[in-house]
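*Asks:* Listed below are the residues making up each chain.
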Amino acid sequence: MESLVVVLSSSCSSSSANTLQLLLSHSKTKRSLFPIFKTTHKRSAVMQMSAATDTGKEVKLWGGRFEESVTETVEKFTESISFDKALYKHDIMGSRAHASMLARQGLISESDGDSILKGLDEIERRIVNGDFVWRTDREDVHMNIEAALTDLVGEAAKKLHTARSRNDQVCTDLRLWCRDAVDSILSRIKHLQVALVKLALKNEGLIVPGYTHLQRAQPVLLQHLLLAYVEQLDRDAGRLLNCRERMNFCPLGACALAGTGLPIDRFMTSDALGFTAPMRNSIDAVSDRDFVLELLSANSITAIHLSRLGEEWVLWASEEFGFLTPSDSVSTGSSIMPQKKNPDPMELVRGKSARVVGDLVSLLVLCKGLPHAYNRDLQEDKEPVFDSVKTILGMLEVSAEFAQNITFNWERIQKALPAGYLDATTLADYLVKKGMPFRTSHDIVGRSVALCVSSNCQLQELSLDKLRSISPVFDEDVYEFLGVENSVNKFSSYGSTGSECVSAQLNYWVTNLGING
Amino acid sequence: MESLVVVLSSSCSSSSANTLQLLLSHSKTKRSLFPIFKTTHKRAAVMQMSAATDTGKEVKLWGGRFEESVTETVEKFTESISFDKALYKHDIMGSRAHASMLARQIERRIVNGDFVWRTDREDVHMNIEAALTDLVGEAAKKLHTARSRNDQVCTDLRLWCRDAVDSILSRIKHLQVALVKLALKNEGLIVPGYTHLQRAQPVLLQHLLLAYVEQLDRDAGRLLNCRERMNFCPLGACALAGTGLPIDRFMTSDALGFTAPMRNSIDAVSDRDFVLELLSANSITAIHLSRLGEEWVLWASEEFGFLTPSDSVSTGSSIMPQKKNPDPMELVRGKSARVVGDLVSLLVLCKGLPHAYNRDLQEDKEPVFDSVKTILGMLEVSAEFAQNITFNWERIQKALPAGYLDATTLADYLVKKGMPFRTSHDIVGRSVALCVSSNCQLQELSLDKLRSISPVFDEDVYEFLGVENSVNKFSSYGSTGSECVSAQLNYWVTNLGING
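If you read the protein sequences in the order shown, they are chains A and B. Going by the UniProt record's numbering, the first residue of the first sequence is number 1, and it counts up by one from there. Going by the UniProt record's numbering, the first residue of the second sequence is number 1, and it counts up by one from there.
If you are wondering where the hints come from, they were derived from the structure by calculation, not from laboratory data. There's no promise every hint is true.
Here are the simulated lysine to aspartate or glutamate pairs, DMTMM-like style, with alpha carbons at most 25 Å apart [to be verified]:
id, chain 1, residue 1, chain 2, residue 2
1, A, Lys433, A, Glu380
2, B, Lys416, A, Asp114
3, A, Lys434, B, Glu138
4, B, Lys142, A, Glu480
5, B, Lys173, A, Glu245
6, A, Lys434, B, Asp248
7, B, Lys416, A, Glu500
8, B, Lys449, A, Glu110
9, B, Lys417, A, Glu110
10, A, Lys433, B, Glu138
11, A, Lys466, B, Asp248
12, A, Lys415, A, Glu397
13, A, Lys202, A, Glu500
14, A, Lys190, B, Glu228
15, B, Lys449, A, Glu67
From a predicted model like this one, the values you see are computed outputs, not experimental measurements.
Work out the full structure, taking the sequences as your base and the hints as a guide.
*Replies:* Pasting the structure below:
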């Protein structure tokens, strides 16, 4: 147990003595207070030192009216420091801006402001170096940092929380964190888009089967398929940009929920932190987590896109498809089966989409039905956010790396291409060009395919006589439309798989993404 | 079984006759075809009439290579007409752009309720096309030229969703207006503001209502972004690869009010991210409304007693005669669940689907329709409820003193006197403890008592105590201070175009 020194200055007034008496009488409670009195010309100030209690627990920073400390079980259940320390950087950022503003507004002295800023720098340094001890009894990142600041610079630190609540502090921290997260994700999305475009450029001219219902549908250029993913990722990025714009408003200064009467400057702190403006309504500012819901929704849609890429490449790597081979650097083996070479990274890209969706659902369920303005439930928003962002970053990065380390098996693909009557629709178009209603041509070609099925041959292997027996409209020129290469070359509509259209798409993306060579 | 007429025109060539023979020989199969041959100068054309088979089933429009019809079980499981007929309007819009006025006649029949939807025609697209064929024959068979149900359905869906977004935006605004008007009707009313559902600080009711208006505004913003992003036309992507027929994708895109045709045909037919985005936006809106629902249900309780809904938005109990329940808001809160569920269904649906189209995707309709229908209902009912409640001024004001709502203001008082906030927080905490043991309010503590806790307290402290004084001390931008709230109200009255 600590020993305490009480110093009574000679200019102590009688009321001070009374106060001391009153306080000493509280010694029966678990909390003991031994104030040091100091009077100045104009103002009275009271200082209080944090003291250890019988149980060794620190007095809570909010403990003013409390007669008992929380039980250990409650403390363990309600602590958030184990995960929200991830917000340290942004918490300190917010505190810097707040302290600077307080000093500029004369709410704290310049020297106090400087002490606080220096203290925060030191704390950040310690955290980065791994020298900082996070304490569960200090509950969360905010209290940990503030208490550490008090240990470090004393009196001045107690002024940091002027005109601030953990309510507006935490959602400012979270917005800053999410804003940075969005920037990281945007960067990785672009990185993956570039990888896919480069993969396309490396495989010019390769025709692959296009599927619907996983049945061979029409022939497409591989480039065209890869660019479909690039389009989706572009929308994913757009969604995140919109989200970032919408979230970039500052809650600081909303305090607990109602604002404050102290002369703060919300526009100053908002600017200092790079926000567009302070939020218009203080209750909205502290209670709303829709920016997080929106971020996690965007992540979920991105994750779904990546899960589809994962599915496709896992299929294509299979023996039965055999369209692509990953290099060893992105494959794994089996501990029992010596021959195995598995595309695990993409399986996990597919699989980790589940937790991203789960993170979103957790947050939706968390927020459902919560009355205003702040509820402790909301501390549960952090882990889903951190997990969602971490996972999507990993999924994007790994997908790009996989894309950079696969080879498409041209020979195998080309050998397998004839199967599936991929040129059937093109043949129907041929008949349409000759004046036949499409429905009818569809039926004619359907019957031609049936004939191929029974004869076990390709459409281009049917003799003209055989074709004409199904429809007299068929003529010699029909063979220009049959076979996979011919078929692909017949596509010409905007956005189609025709070579020119795909070239145009590629040019668009090479320019848009700033790809050289 | 229908009787069929086969007409051989006199100009029938021998090859036509051969073809007829070939086709007649197919009569052993379940499908019989009786073509009518007609030759013209330049082109040969073949027409086919839909015919009933022995079992009475219609030949499928995609049945060319098929020798058997699907079983009834498969047909039942895979049909989508029972729900996707909701897309009829937009399916027809697309067809109209594709081949002008023919569809109008069928639309009239649907609107009049005269149209018979057939399960054996699977879905809305095939139903309408087959009906069109019944109506105008030959010409209808050309409708599907350079089109697939793949690009057809996602064009339909984008059109439907675009209209849905516009409806939702309109209802959001309607609710915002209702909330602002409710605020204007209750000027000056102070209510407890809560955190952790514990009385926190006094706030103007107007300030609280405007918090919801802010959230709804972001909800609208999200939908506007979504609408912008979805407004690109898939038509012309056909099955997945585009086509060689000389279509003009820009023409149809313009005609349907899209920004432009989509750049990549595979992307165009496979992607449902616009739906995911819409349902995400709906989910966030639903969560917001669930919070409003929770709050008003709490406030309507006996224990809170802050608001009373009128009979027109309340319901009773079949057994307990005294009951008056705020059911509409309970359901606003509760229906958020299905909106979230619709989103999750769609996310799970799309997960891991390879390109380009898979039949799974037909399952996207019902969640979309449900999500939109539900959110529209939730918005509408919330607005109606807001227009039919009274805040119980007397009850609120009587209950206001409890909860030490002026405590933080008191702490600010000490800070203004130069005390570090941490310290002032502690001082006021102890003052509250004193109140608790004395069973009184902060403003009822004598100056002596206060000075015994801290000598910094002075006579002017009472200007900061009590709920009304406390509220008036707020002055920061966006706070509950009267001026700030007035400014917010002016902003919204202007922004929403509210008169008087």
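*Asks:* For every hint, state whether the structure bears it out.
*Replies:* Here is what the structure says about each hint:
With a C-alpha separation of about 62 Å, the suggested pair Lys433 (chain A) and Glu380 (chain A) falls outside the 25 Å cut-off, and the hint is violated. A C-alpha spacing of about 20 Å is found between Lys416 (chain B) and Asp114 (chain A), which places the hinted pair at or below 25 Å, so the restraint holds. Among the hinted pairs, Lys434 (chain A) with Glu138 (chain B) is consistent with the structure: their alpha-carbon atoms are about 15 Å apart, no more than 25 Å. This hinted pair checks out: Lys142 (chain B) and Glu480 (chain A) have alpha carbons roughly 23 Å apart, not beyond 25 Å.
With a C-alpha separation of about 21 Å, the suggested pairing of Lys173 (chain B) with Glu245 (chain A) holds against the 25 Å cut-off. A distance of roughly 19 Å separates the Cα atoms of Lys434 (chain A) and Asp248 (chain B); the hinted pair therefore holds under the 25 Å criterion. Restraint check for Lys416 (chain B) and Glu500 (chain A): the C-alpha separation of about 73 Å exceeds 25 Å, so the hint is violated. For the proposed pair Lys449 (chain B) and Glu110 (chain A), the alpha carbon gap of about 34 Å is over 25 Å, so the pair is violated.
The hinted pair formed by Lys417 (chain B) and Glu110 (chain A) meets the criterion: a straight-line CA distance of about 17 Å does not exceed 25 Å. For the hint pairing Lys433 (chain A) with Glu138 (chain B), the CA-to-CA distance comes to about 16 Å; that is within 25 Å, so the pair holds. For the hint linking Lys466 (chain A) to Asp248 (chain B), the alpha-carbon distance of about 34 Å lies beyond 25 Å, and the restraint is violated. Note on Lys415 (chain A) and Glu397 (chain A): the hinted pairing is violated, with a Cα-Cα distance of about 33 Å set against a maximum of 25 Å.
At most 25 Å may separate the alpha-carbon atoms for a hinted pair to count; Lys202 (chain A) and Glu500 (chain A) meet this at roughly 17 Å. For a cut-off of 25 Å, the pair hint linking Lys190 (chain A) to Glu228 (chain B) stands: about 21 Å separates their Cα positions. Pair hint Lys449 (chain B) plus Glu67 (chain A) holds up; C-alpha atoms about 19 Å apart against a cutoff of 25 Å.
Hints 1, 7, 8, 11, 12, counting from the list given before, are not met by this structure.
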